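Asks: As a plain string of letters, each chain reads:
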Amino acid sequence: MNPLTICLLISALLFATGFAGAVTRRHAILVLVGIELMLNAANLNLIAFWRFGPHPEALTGFIFVLFSMALAAAEAAVGLSLVIAIYRHQQTSNLDEVRELKG
Amino acid sequence: MSTLLIITAVVTLFAAVAAMSLRNLVHCALMLAVSFSGVAALYLQLNAEFVAFTEILVYVGAVAILIVMAILLTRSGESPEKSVLTAGWYAGVAVTAMVFTTLGWAILSSSALPQTVAPAPVVSVKNIGDTLMGRYVLPLEIVGLVLTAAMIGAVLIAFKAEPRDKNQKS
Amino acid sequence: MNGIVQFLWLIPVLPLLAAGIIAVNKQPQRRLAATLAIGSMALGFLLSLGAFSATLAPHEGAGPFRAVDGFNWIQFGGPDHWLQLGWVLDPLTAIMLVMVTFVGLLIFIFSVGYMAQDQNFMRFFCFLALFAAGMLGVVIANNLFLFFVSWEIVGLTSYLLIGFWFHKPSAAAAAKKAFITTRIGDLGLLLGMVWLYAQTGTLNFYDHGKGCLEAGACMQMATQVTLGGLAVSTMIGLLIFLGAVGKSGQVPLHVWLPDAMEGPTPVSALIHAATMVAAGVFLVARVYPLMAAGAPPLETGVPVTTALTVVTWVGAITAIFAASIAVAQYDIKRILAYSTVSQLGFMMIGIGVGGVAVGMFHLITHAFFKALLFLGSGSVIHGCHEEQDVRKMGGLRKYMPVTFVVYAIGMLALAGFPLFFSGFWSKDEILHHAHNWSGSPIPFYLGCAAALLTAFYMTRQVALVFYGKYRGGAGDHAPAHAHAEAPAHGRQPSAHDHDLDPDHNHGHGHGTPHESPAVMTVPLMILAAFAILLGFIGTPAWPWFDGYLTGEAASFDLGKLFTSGTVFVLLLSSVIAFTGLTLGWILYGQRQRQNAGEKDVLEAAQPTLFKLLHNKYYIDEIYELTVIRFNAFAAWLCDFLDQWIFGGAVLLVSYAAIGGAWVCRRTDEYLINGGFDAACALLRELGGGSSKLHTGRVQTYLRVIGVALVLLILFLIWGRKA
Amino acid sequence: MFEQLNRFFAPVDQIFVTTLHWLVGFLPAAWRPVASSMLCIAFILMVFPALFSIVTIFERKGIGRIQNRYGPNRVGIPGTKIRLAGFGQFLPDGLKMLTKEDIVPRAADKLVHFLAPVVLLIPVLLTYAVLPFGRNMALADYDAGLLFFFAVGGAVEVSVFMAGWSSRNKYSLLGAMRAIAQMLSYEIPLILSSVTVVMIVGSLNLTRIVEAQAGHTFGLANWFVFTPWGLLGYLIFFIASLAESNRSPFDLPEAESEIIAGYFTEYSGFKFALFFLGEYLGMFAIISLGITLFLGGWTAPFACLDFIPSYLWFLTKMLGIVFIFIWIRATLPRLRMDQLMNFAWKFMLPLALLNVLVAGLWHYLAIGPLRWIACATIIIVAYVALGRGLMRHQKLGQRTYRYAD
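Chains as they are written, first to last, in our numbering: chain A, 533 to 635; chain B, 203 to 372; chain C, -15 to 706; chain D, 7 to 411.
Any given hint might turn out to be false.
Cβ-Cβ distance ranges computed for the label pairs, FRET-style [as the list claims (entries may be wrong)]:
{"#": "1", "chain 1": "C", "residue 1": "703", "chain 2": "B", "residue 2": "329", "range": "31 to 41 Å"}
{"#": "2", "chain 1": "D", "residue 1": "31", "chain 2": "B", "residue 2": "328", "range": "30 to 40 Å"}
{"#": "3", "chain 1": "C", "residue 1": "692", "chain 2": "B", "residue 2": "225", "range": "29 to 39 Å"}
{"#": "4", "chain 1": "D", "residue 1": "348", "chain 2": "B", "residue 2": "354", "range": "47 to 57 Å"}
These are calculated hints, taken from the structure and not from any lab test.
Nothing here was measured: the structure is a model prediction, and the numbers come from that model.
Note that the Cβ used here is the ideal one computed from N, Cα and C, for glycine as well.
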């Protein structure tokens, strides 16, 4: 069990928890939290491969994680504002009720 | 090194599971912050120092606060509802199980993983700066653009709609 | 000198103008029409005399007097391509002008009396004037094109005049027959004209050296050899001769001339005796240089070419053929018609063997005495109340003494009574040249036989008509209105016979024949005088006529009469004449026929031969069987083809199109539309089904993504392994 | 003549470092790094709380003096009559804090309420790891030291929120929201102004930044503050740091007059003391960062004064700025929330961005008067224009009240 597989397993576990939360929790914000966790898992994976990969000096994984973090932040911002907008529109953020497809 | 790694991993995973399963949303958010710092710690152990600090700055500093703000704005902090899970959560769990088994199986069975443990790469901030500004200057600009757009978009979407005519009390 | 030539065109234009005015005129002013027609002919006659005197005057240059004038009419093709119309004045033209105008004038005067009772007096004179214009146009034409145009006008007017009493079916049929047969001949003339133009590039006869009849062009054409080894000039000459055959009624195309007697008698006289039929001979005379082109060196003074030999042979055959038929005819006008055909044959022989002068001399003399005979028969018919069958006449001497005398003179001239009558001299010339002809002696023998027969049937006719007792008015007056017109067809009197026909309303007047009025007898006397005097201008002793035409001076020398060649022929022809006359008198003069129904003498002797001759060798029936039948068959064939083959094909195509359209519609409607509808329905179903997938529950989407992720990973791993 | 002085005082300068090495020498090699960091941590934990206590008294006497009164002058050395002009006041204060009853509101979220002060102290103390107090006296000299400082500094807001929210008190929640809003909006100018320094130095490592400011021109140390963009940068940094540490004109969160004590109203006793300590340690950290970035860290202002030990310079500069903080707290009135926000977003942020531009320009222009003139004019023009922009809407119109519906 070299450290790389350990890290991969950890990120897989993290990804699984994030996915489980996103898929089962009723509340909209928790779905977003789940997504954030999944993103983190992915970043962790990247850094693991960067660290244990053949060419760490190329910094590709490293830079990739930086960009993904920036995008994750942007995504979180937009997602949460959407949730807020939905809440104001329908007075609930319970995903089971937010099913209206009409505009 | 692997024992410290495992400890932080356990802490992070525990925090993540807590974040997903707690009834009170604010607690979830806080546990999320904890899991983010756990991940940062993992990064430190993987010698990705800069990424760890960024992780703290971005996730713990900003995203956690953002989520907490969102929770407060949607007034869902106080009232824990009846059932935490959506209807048909069992399907979700099944899919998660499927996903996890596949991932696990993929990791364990894959032969392409590099077996040798490479020496810790020394990463200097100048080095990062050069690559960012050198090979990845275009993505950097684009990320800048995306962030601005996201900021403006978020504000617009979440903006409280102006009352149409002034005299109508909102 | 050529002053008169410039006004030569006036001669045909005057009658044309007269015809136009008469035609346009609405009210039937008979006096105006008559004066106009006769006036224009008189003026034409004076101008012709002027022209004649111009040709007589001494002129510079060798050869006969010739003056040409003309103008460019139509421009076609390039700038220098002009269709020129022009007229020429030379001895040939001058003679014909004088003859046509003089005879025409006399006949116009005669027909004023003859047609007095007719309702369509105006129309008759309009056609006559038009005919005169056409005939004069033919005579003066220096251009084959103008010649052809006038030639067609003449053909048209002959149709109109023959069918003048168009209410009579036989007249209409005869007119149509005449027109069609002459058209066949004209086809040859047209082809000849076109070919001539192609060869020489110009249709002018005489054009200061460039004309097609001038030496240069003729030699050029003579040298070129066409298919069958014949020279081009010969071929063109024969084609043009075909036109002449049609118009002058030579053997193959002569059938229309006897039937043309349906027209009023002056018409027959003018057109079918003197002028029109002569036009064919005039054409051959005019085109003589072309026909004679390429002849071997002249040792006998008369060129012998294939074209001229053909002309001679056709003439000879026609002469003997027509003469034999004339013997067995009963209708007075029909006998004269066949005699005209035979005499035209003689003219053709004349030109063929003796050149232009001989042929023309006989033409001129024949014009006078044949006109005389026709007008005489006209006054006889007029007198006998429109009776034309010689078997119902007889003994008219007593009733019409003037007509008898004049008719006798004409008969003697035609028969060729020696020394005094013109017929003798002109026929002698022809026989003399035929005798010396280097071609072959047969035409000479045929000529003699024809002359004998001519003399025989003329005496038969005179005997039957003027001697014995009057057989008309008693016998077969079967139906009240029966007017015995043209007994040959046994025509039933048509029920709607209205009284337009002058002969008819005269019939039931008074029974006995009577002498014609002065307006009819005076022209007869003038003609009789000329019938006698004209002969002397062409006698061998003083061949003025021949010299005039060829341009040399002619000296009076009785000695020439007695040279060996001429004396023999003179004696021979007078012997022939006498035998013909005596035979005729013996058979018909002494044993007078008692009544109309009696069998003819010859018929008694040779019934089959007589029947054959009487029925004109059944030529009409033969034509009926061959040409007409073939024509009918061709028409039927075309109709059949058109209706069944082409019609069928069109029908087939249309059915195919309709069928194709039907198939297209069916496929379009069921196959394509149906197919599309089914496809659309399927799509709609699919759409409906897939829309159910979108529940709007975000989590379901995430789950689907999860499953997709799993599948992707599995696919990647297994993909690599496989 | 100065070299001998320097050489004489050099050991004094490095006294702490040598003692550290001397102490660590006793331990086996494997343990050395851990031991040395442990020792440094212990040293920091001793020095700065002590400094905290002195500064509290210093502040109360300063404000008193400014408000024309004495300030605490009764308590000297306890148990004795010596008054020490009141500088012993921190002992009874501390004692009071510890012995006070620790009240926890019934509706409060017990765990979060308890954890709030702890979560506050952890990041603040972490920031001290990176600061260079003296020549090679920085605990953890990270390559991305500055980034570490800001990253950890950013985590403070979480604790503020925890405090505010967990006490289930409208005022505390309102105070927490205000504090977070203020800290967030002032964090951006703070970081942007420090970015200019990083741009010029080319490294995030704080010691390297201090070394970049070594050396003297015309006798004066070439600190960054003596350059046009440096001055503007430090001005922005100074104001932002005031706001970051919730002090003086920006102390809306615990504005006594409106929302009692802001997010730590429901705290009393030891937890309140911890909040108080946390706040002051935060202030010292942000001030020391300001010193390292703009005021040349532990370098001497004049060449001749080089011999004085580096940590002393660091200490004197820090005390000077703390005095200015106290001075501002005593004099400037408190800003309204919207004024505060306006000031941050419409004045500070544009200036900071412009400053980055000017620094860039400064970097590329050749050394000489032209560089000075160009940068100075740009900054002055921008300052005046933005100033005018801020004032344009301030029509001192009649005050209007909006009542909650």
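Asks: Is 30 to 40 Å a correct range for the gap between the Cβ atoms of residue 31/D and residue 328/B?
Replies: Roughly 34 Å apart at Cβ, these two residues keep to the hinted range, so it holds.
Asks: Does the hinted range 29 to 39 Å hold for residue 692/C and residue 225/B at CB?
Replies: holds, 31 Å
Asks: Between residue 703/C and residue 329/B, does the beta-carbon spacing fit 31 to 41 Å?
Replies: holds, 37 Å
Asks: Okay, residue 348/D versus residue 354/B on CB: inside 47 to 57 Å?
Replies: With a Cβ separation near 19 Å, residue 348/D and residue 354/B fall outside 47 to 57 Å, so the hint is violated.
Comparing the model with each earlier hint shows a violation of hint 4 alone; every other hint is respected.
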